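Novice: One-letter residues, chain by chain:
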Amino acid sequence: MPFNPHTPADERAMLDAIGVRSIDDLFDEIPASLRVKALEGVPAGLNEMEVSRIMHERAERDRMALNFVGAGAYEHHIPAAVWAITTRGEFYSAYTPYQAEASQGTLQMIYEYQSMMASLTGMEVSNASLYDGASGLAEACLMAVRAHRRSRSARILMPQTLNPTYRRVARSIAGMQGFKFEELPYDAEGGHTLPEALNAYDGQDITALVIQQPNFFGVLEEVDELTRWARRNGALVIAVVNPTSLALLKPPGKWGDDGVDIVCGEGQPLGVPLSSGGPYFGFMTTRMEHVRQMPGRIVGRTVDLDGKPGFTLTLQAREQHIRRGKATSNICTNQGLLMTAATIYLTLLGPQGLARVAAASHARTQELLAALARIPGVRRRFSRPTFHEGVVAIDRPPGAVLEALAARGIAGGLDLAESYPELGNALLVCATETKNTQDIERYAAELGSIASAARAA
Amino acid sequence: MPFNPHTPADERAMLDAIGVRSIDDLFDEIPASLRVKALEGVPAGLNEMEVSRIMHERAERDRMALNFVGAGAYEHHIPAAVWAITTRGEFYSAYTPYQAEASQGTLQMIYEYQSMMASLTGMEVSNASLYDGASGLAEACLMAVRAHRRSRSARILMPQTLNPTYRRVARSIAGMQGFKFEELPYDAEGGHTLPEALNAYDGQDITALVIQQPNFFGVLEEVDELTRWARRNGALVIAVVNPTSLALLKPPGKWGDDGVDIVCGEGQPLGVPLSSGGPYFGFMTTRMEHVRQMPGRIVGRTVDLDGKPGFTLTLQAREQHIRRGKATSNICTNQGLLMTAATIYLTLLGPQGLARVAAASHARTQELLAALARIPGVRRRFSRPTFHEGVVAIDRPPGAVLEALAARGIAGGLDLAESYPELGNALLVCATETKNTQDIERYAAELGSIASAARAA
Amino acid sequence: MNTPREKIIFEHSRPGRAASAQLPDAVQGDARPMTIPAHLLRADPPALPEVSELQAVRHFTRLSQLNFSIDTHFYPLGSCTMKYNPKACNSLAMLPEFLARHPLAPESHGQGFLECMYELQEMLKAVTGMVGVSLTPMAGAQGELAGVAMIMAYHRARGDTARDEIIVPQAAHGTNPATATMCGCKLREIPCGPDGDVDVEALKKAVGPQTAGIMLTNPSTLGVFERRILEVARIVHEAGGLLYYDGANLNAILGKVRPGDMGFDVIHMNLHKTFSTPHGGGGPGSGAVGVNKRLLPFMPVPIVAREQHADGERFRWLTEKDLPQSIGRLSGFMGNAGVLLRAYIYMRMLGREGMQRVAEYAALNANYMLARLRGAGFDAAYPQRRASHEFILTMRRQAKELGVTAMDFAKRLLDYGF
Amino acid sequence: MNTPREKIIFEHSRPGRAASAQLPDAVQGDARPMTIPAHLLRADPPALPEVSELQAVRHFTRLSQLNFSIDTHFYPLGSCTMKYNPKACNSLAMLPEFLARHPLAPESHGQGFLECMYELQEMLKAVTGMVGVSLTPMAGAQGELAGVAMIMAYHRARGDTARDEIIVPQAAHGTNPATATMCGCKLREIPCGPDGDVDVEALKKAVGPQTAGIMLTNPSTLGVFERRILEVARIVHEAGGLLYYDGANLNAILGKVRPGDMGFDVIHMNLHKTFSTPHGGGGPGSGAVGVNKRLLPFMPVPIVAREQHADGERFRWLTEKDLPQSIGRLSGFMGNAGVLLRAYIYMRMLGREGMQRVAEYAALNANYMLARLRGAGFDAAYPQRRASHEFILTMRRQAKELGVTAMDFAKRLLDYGF
Ligand SMILES: Cc1ncc(COP(=O)(O)O)c(C=O)c1O
Ligand SMILES: Cc1ncc(COP(=O)(O)O)c(C=O)c1O
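Residue numbers (our numbering), protein chains in the order written: chain A, 1 to 457; chain B, 1 to 457; chain C, 1 to 418; chain D, 1 to 418.
Chain A with its partners taken away, still in its complex shape (with noise of 0.2 Å):
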C-alpha cells in the first residue's frame, strides 16, 4: 500500500492495545459469506513512476494542435499563477470551511469571490459555487419554484436557443418535481428568441421564463424585451450567462427595467482549463430577497469574541446538513478548488484584463467567421451580431470534416445536427482571444482544401 505509514512493529503494537490478534478480527461482524478473497478487476498496483509513463503516454495520444469548438466550455489563457496557487496544499487539500477558526483562507476566498460574481452580474447576493452551469440552471429553476409564492404552475419557459444540454439537465434534475419546461422558438434568420413568440403566454400563470445571454448560437438576445415581458406578466426571469461577456455586456440586474431574479452560469471561462469538461463551476447570484431560497453555501463577513473580523458559512438553515428533507437542495460539497481559481483569475485580469479578453474574443470570432465564409459553400448563418461564436453553414454533413480536420491537428467545431437537425449541415464555431490571424487563416485554409478535395472527389 503506496501512502501507508504503519510499520510492522506498529501494526503489532496497535493491535495489542485493541486487544486482538490480526487486522482480520476486525472484520468479524461482517457475515462470513459475504467477505471477499480477492479483488479481481483490479489490477496490481503501479509505483508513481510507472504511472506517470502511462498518464504521460495517453496525454500525449490526446494532443491537438488548434482548437475552435465552445459550445459551453471556451479556451482562454489561464495567467500560470491562477493554478501555482490554487494548487498550494494549504487551498487544495483543505477540508469544507465547516470549521471557522481552521479555514479562513478559505472563507475570505470565497467572501471575494462573491463580491466579484455580484458585481459581475449585477445581482445582490452570491453563493459559493455550484456543480457547473448545467446542473446551476436546473437548481435555478427549483429556486425560482421556491420563490415565486404566488405562482402555482411550475411552468418554465426556455428558449430553444438555450443551450440543448441545459434544457437536458434541467429536465433530468428538475423535471422529477413534476415542473413543466415548455420551448420557445427561434428566428430562423436571426437566430435570436423573437420577444413576439412570448405573446403566445400573455397573460398566463408562468412561473419563469430563462434567457441565455449570448445564446447558444453565440447570438445576442433581447434581453430587455425579454425581461419586462416576464415582469408585465408575473414571471420570474432565470439568466443564463457567460461570466467573460459580462466585462462588456449589459449585466442581468440592469436587464429590462430592475433586472432579472436569479442569475446562473458556467464558471468555467474563468481560469478553469477545458480538460474534457470538468471540474468546472457553476455559479449563481440573485437579489436579497430570494437569498433564503437559494441553494449552496454562502459565507458572511462578521466579529469574533474579541471583535476581530472573520469570515464564516451563513445562513446554513437552507442546507441539507441542517435542513435534511425541507433543504433548498441536496447539494454538499461544492466545486471550491474552482471557485478559487476563478477568483484569482479575476483579481489577475481585473475590470480592464476582463474586457480585452472579452473584446478580444469577440473580434477574433468575427474575423473567423468572416474570413470562413469566403469559403465557397460556406457562409454565416444568422445575421444577428454575435458575442464569440458563431454559426456556419456548410455545403456538406459536417461529420466527415471534422474528422479530416481533426486528422490536421483542428478541432472544427460542433456539428449542430443532433439538436438542430433543422439547420442542416451546420457548425458551431468559436475563437478566444488565443487565437490570432494566421490561426485563423490556417483553419480557413485547411477547410476550404477539405471542401475542394471532396468536391473533386
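The hints are simulated quantities; they were obtained by calculation from the structure and are not laboratory data. These numbers come from a predicted model, not from an experiment. Here a beta-carbon is modelled for each residue, glycine too, at the ideal position from N, C-alpha and C. Mixed in with the good hints there might be a few duds.
[Unchecked claim] Listed below are the simulated PhoX-like cross-link pairs for lysine-lysine, each with C-alpha atoms no more than 20 Å apart in a straight line:
no., chain 1, residue 1, chain 2, residue 2
1, A, Lys-37, C, Lys-125
2, D, Lys-204, D, Lys-186
3, D, Lys-411, B, Lys-308
4, A, Lys-308, C, Lys-411
5, A, Lys-308, C, Lys-7
6, D, Lys-411, D, Lys-400
[Said to hold, decoys possible] Pulled a few chain B residues facing chain D out of the computed Cβ check, cut under 8 Å:
no., residue
7, Ala-44
8, Phe-91
9, Tyr-92
10, His-321
Dock chains B, C and D with the ligands against chain A, hints included.
Specialist: The following block gives chains B, C and D with the ligands in isolation, referenced to the frame of chain A:
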C-alpha cells in the same frame, strides 16, 4: 511594463514627494552623452499568453522519447511531491538566509540536507551546496591545497577515468593559482585506474589524489588501494562520487583505512531534472578537521535568547562577505533550491528507496550492455564491473549512428571520440530504473537495424 | 512567525492598476466592439480588484496560510475522511494535453483520456460488485440524486407508479433526505437500535406498496457495521423496494465486502473520500454511481464504452441514443473529468492489494484510537461494537459531570491543530 | 494561526517506514547487485529519514511556512533586489520537454532550447552594449571569475605577463576581492570620496604597469552613480588595464545607460537580480558575462551560435574547438540552463520598453522612499546625491543620541514583516 504596480496617479504623487518634474530628472547624474535612447536589439514585450505559446512550441520541438545518455547527468524518476513543494513560493522566492529570523524554513532544510549528505558520504560535515559537480571538484582542489599545510607542491593527480569535463573545469578555475594537474593512465582492458600507475609518484610531494567512483566509464575503481596509497604518501584524497550509487557502494568516509579527506560530486541525480544541464548542484562533505577550509555556507543548530532551538548560518568567517580577499572561495549564491529538491527527494526515497533506485539502475545497465553486445559488431569495451553506465565499442563512427537513433526518438549515448580518441568508435551508455526491458529491447533493435542497414549499403 | 489577518483584496486595489502581463492586446485598438448594439452593452465596469500580479500572488498566498489542510494538519474526521492527496495525482491529471482538451473535441483525440475513464469504470465495478458504472455525477449528493432517480425510473418503467416513499434511518447524512425530496419522493424515517443497527421491526412496519426504496450506508454513519444487512435487504426487496447504498465512504469495506454482494441495487461513491481526490476547501467531488442489472438501462449518460475495431480497440461515449431509458444528463459535459483522472491514478497506484489495505489500516487505526481514548477515560457510544473506519464517543457524562460539551472538546482540539 | 516550530525530519522517522509509491520494483528480486565485488559495497545503509509520503509533504510544507519570501513579504533590499518572480517563468521553464532533455542529447533535439539561449545572448548584448555574451557562469561570483580570468588571459596572450593587480574600491562587494584572489591576482583597494564617487586622485596613484584591471559597479554599492566614469575608464585604459563591471544589479540603469558605452571591457550580470529569476533561499543564480571585442576570443564555453543552412537556421554550441583561446569551461555542461530559460521568458515579457521602465520605476521608488524617510527624520549618507535603485541611510546620529544602532532598526523591521 508587465509587473509594474504604479498608476499615473501614484507616479505623480511620488514625483511631487521627491520634488522633481519627471522620472527622467532622476537620471540627471548620468552624463548626457551616455544616455541610451531606445533598446534596439530587444524585441517588443509580449504578454504572458504570447510567450507561453512560443515556449510551448519550442518545448515541443525538443521532445525525445527515450534517453540512454548519462555521462554526469542521470535520468531518474522524480517524485511529484519534490517539485510541488520546492516551487512553493516560500522556498522559491525566499532570499538567502542571512536573517535567521526570516529564514528558519530554509535553514532547517539546509541542516537536514547536511545531515543526510554527511551520512550518505560517510563524512562528518557538509556544506549547503556548490554550483555543480564539476566546479565543486575545482573548489575541492583549492580546498585541498589550503588544507594540506605540509605540501608545498600544489600537485594534484587526476586519473584519466575522471570525467573529462571535470578535469577541464578544475583547470579553468583552480589552474589560475598555479596548481599542477597530472593525469594517471587507465587500464585499457579493465577501464579502471591501475593502482600501480601511482608507483611512479611514490615518495613525491603530492597535494591530493582525486578518485572518481564509479569512474567516467561507469567502471568501479579500487578505491581502497588508491586511498591507501595516498595516505602512505602523505597526499589528501578527494573523492568524486555519484550520490545514488552511495546507497550501495562503500562511502568515501570508509575508503582505505580511515576514509578520504574531501568528498564532492554532482547532486543532480537526487531529484533534479536533466533540464539541458542545469540548474544542478554540487555537494561537498569533509572531515571536521578541514571544516574551516571548506567553501560555501554551513548551517548550525543553536538556541535563541529564550532558549528556543533554531538554526543559523555558521563559521561565516570562511566566506567572502566577511573575509573578502582571504575567503575560502568567492562563492556567494549557491544552488539552494536544488538542495531543497534533493532533501525532499532523499526523504521520500529513504534508505530503502535509494538502494532500490541504485540496484535497479545497475541491473538495467547490465541488461542494456548485454542486449547491445548481442548485436553483431557491438561489444562491451571494458571487463571490470560497472555501476550504471558502460562503454560499448561499435564498428563504425558513432556520430552518424547517434543521428540515426535520434531520428527514431532515441538519445543513444555519448560519443567518446573527442575525449578518448584511443578508444576508437566507442559509446558511453546508461540505463536507470526508468528503463524497462521493452525500452532496452527497442534500443537494441533500432541500433541493430541501423548497423545492418549500413552494412547492406 | 505569526501570520496576521490579511486585508480584503479590494483594499489592495487602486484605480487603473493592473497585472499587465495578463492583458491581451486590444485586437481592434479599442476595447468596445462596434458590432454589438449599444443597448446590450454594460454602462459601468464591474467592481473587480485592480492590483499588480505580485499583489495578487501575495494576497492569495497569505490567505492560503490561514487554512488548515491535510498538507499541514491531521483531520481526524470520520465520514468525510481526509487522506493524503498524492501530488502525482494532481500533476499527472494536469498534464498540458489533458488540460487543453475540449470536451466536445473529436473522440479520436481523446482516446488516452477515454481509456482512463473506461478502466476507472471497470475498477469501480470490481470494488462495489456492481455491473454498471456511470461517472457523470459531480459529487456525492448528485450521485444520490442519480440513484434515487434510477430507482424511480425503474418503478415507473414497470408501471409501478404508486411507489413514492424513500426510507432513511434517522442518523442518515443530510443529503439522503434532501435528495429524496428533490426526486419528488416522500420521506419515511426509521430509528436505529441501541447497538447502532437498524431497528428491523420498525423497518418491517415501514415497508409496503408505497416503498420505492431505502437509503443506507454500511457501516452506518454511527460507525458500526449493519450485521443484519442480508435480512434488511430481503425485507425491502420482498416489499418491492430497492436498496440504495450511500457509498460516500468505502474506506471501511474496500476489498473486504461489496455492496453488490450485500444486496444493494445502486450505490454512489464519493471519490473525494475513498479515492483521495482533494477536498479543495469544499470541492470538487465526484459521485460516480454503480448499479446492478435491474438498473442498467436507467444509468445517467454519458458512459464510456470500449469497442473492438479492425485496427484495435476504440473508446467512445454512450449517450441518450444508446440508452434511451437513461435518467438523462446531470452535467454540461461528462462530470468532473479531472477529479476522475485523479481517482484513476490513485487506484492504479493502490492496485488490488493496496485497496484491501485501505480498509485494513482504516479499521486498525480507528479501533486503536478507540481503544486508546477509552483507555484515557472516554466513553464509546457503542461499547459492544467494533469501530469501522470511524466511531462515536459520547460526551454525555462529561457534559453532566463537568459541564464540558462535545463542542467544547472539538473547539479545544482546534487550538491544538486538529 | 501560529505555526509552531517543526521537528527535525529524523524525529519523524521510524525504522522500516517508507513512501512506498516511490520505491522502484527490485529488478532482480534482490537489492544487492551480485556483479559488484563485496569490498566495494557499503556495510550499513545511510541514515536517511524513513517516513511516509504524507509525513514528508507535511514536514516540508510546514518548514516552508517558517520563511519570509517575496510571495509573502516585501524585502526592501538594495543590491540583492528581490522582485516578483513571475509564475509563468517557472511553469514555462518547467515544461516536461525542457525538463526531460539530457544536456548531451543530440542538438537536433534541442533546437527549441538553443533558440531561446541564442536570443537571450542577443538581448543581453543589447542591454549591456557588449559584443559577446557567454551564459555559462552559474552565479555572479562565477561570472566575476570568468571576467577576471578573461582579463588575465588577454594580458597573457599579449605577453603582458607582469599585470597581476586588480583594483577594487573599498566598498566593493565581497565577491570582488575574493574573485581576484581566486584568479591568482593581488588586490589593491582604493577609497571613495565623501560624495560616494571613486577618489580619482587615489586611482591615478594606484594604476601602473602592474595593473591588470579594475572592478567597479556603477551605480556603486553606495547607491550613487559614478559621475566621472569616463575619466575613470580613460585613466585605467591608459595605464594598460581593463575595466570590469560588476553588473550584479542592472535595475538602476537598464535601458538608460550601458556599461559598454561607459568604457567597460567586461561585465557579469546576476540574472537572479535584474531578470527576476528566483533567489530560491540562496540560489541558483546565473552570472552571464558580456565582453567587448578585445575579450571575445577568451569567453568561457559553451556559447550558442546560429547558422544558416539550406533548410533553415540551426543552432549549435561553440566549444573549445571553436574558441581555442577560451578560458575554458566553468560547469559540467552549460551552466544553469533552467535559470536562463526563466530570465529569457521574463525578458520577452518585458520587451524593450519594459526594460527601460525597470530602471525608471526602480529610480522612482528609491528616490521616493529616500524622500519619505528623510521627511521622517532619517539622514541620507549622501544627501547631495540622487538615489539610484538603492540608497544608504546613516544611523550614526541615532546611535549617538539614542543608543539605537542600524542593526536594531533592521531587527525591529523584521518583527513587522520587512
Ligand atoms: C455519508 C455521506 N453521504 C453523502 C455525502 C454527500 O457527498 P457530497 O458532499 O460529495 O455531495 C457525504 C459527504 O458529505 C457523506 O458523508
Ligand atoms: C554587487 C554584487 N556583486 C556580486 C555579487 C555576487 O553574486 P552571486 O551571489 O550571484 O555570486 C552580488 C550578490 O550577491 C552583488 O550584490
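Novice: So, for every hint listed, does it hold in this structure?
Specialist: Outcome of the hint check:
About 16 Å separates the Cα atoms of A:Lys-37 and C:Lys-125, which keeps this hinted pair within 20 Å; it holds. About 18 Å separates the Cα atoms of D:Lys-204 and D:Lys-186, which keeps this hinted pair within 20 Å; it holds. Restraint check: the Cα-Cα separation between D:Lys-411 and B:Lys-308 comes to about 18 Å, which is no more than 20 Å; the hinted pair holds. Annotation: proposed proximity of A:Lys-308 to C:Lys-411 holds, straight-line Cα distance about 18 Å (limit 20 Å).
Our distance criterion of 20 Å between C-alpha atoms is met by A:Lys-308 and C:Lys-7, whose separation comes to about 12 Å. Restraint check for D:Lys-411 and D:Lys-400: satisfied, since their Cα atoms lie roughly 18 Å apart, inside the 20 Å limit. With its C-beta approaching chain D no nearer than about 5 Å, B:Ala-44 sits inside the 8 Å limit, and its interface hint holds. Because the smallest distance between the Cβ of B:Phe-91 and any Cβ of chain D comes to about 5 Å, under 8 Å, the interface hint for this residue holds.
Using the Cβ-Cβ criterion of 8 Å, the hint placing B:Tyr-92 at the interface with chain D is satisfied: the shortest such distance is roughly 5 Å. Among the interface hints, the one on B:His-321 holds; its C-beta lies about 4 Å from the nearest C-beta in chain D, closer than the 8 Å criterion.
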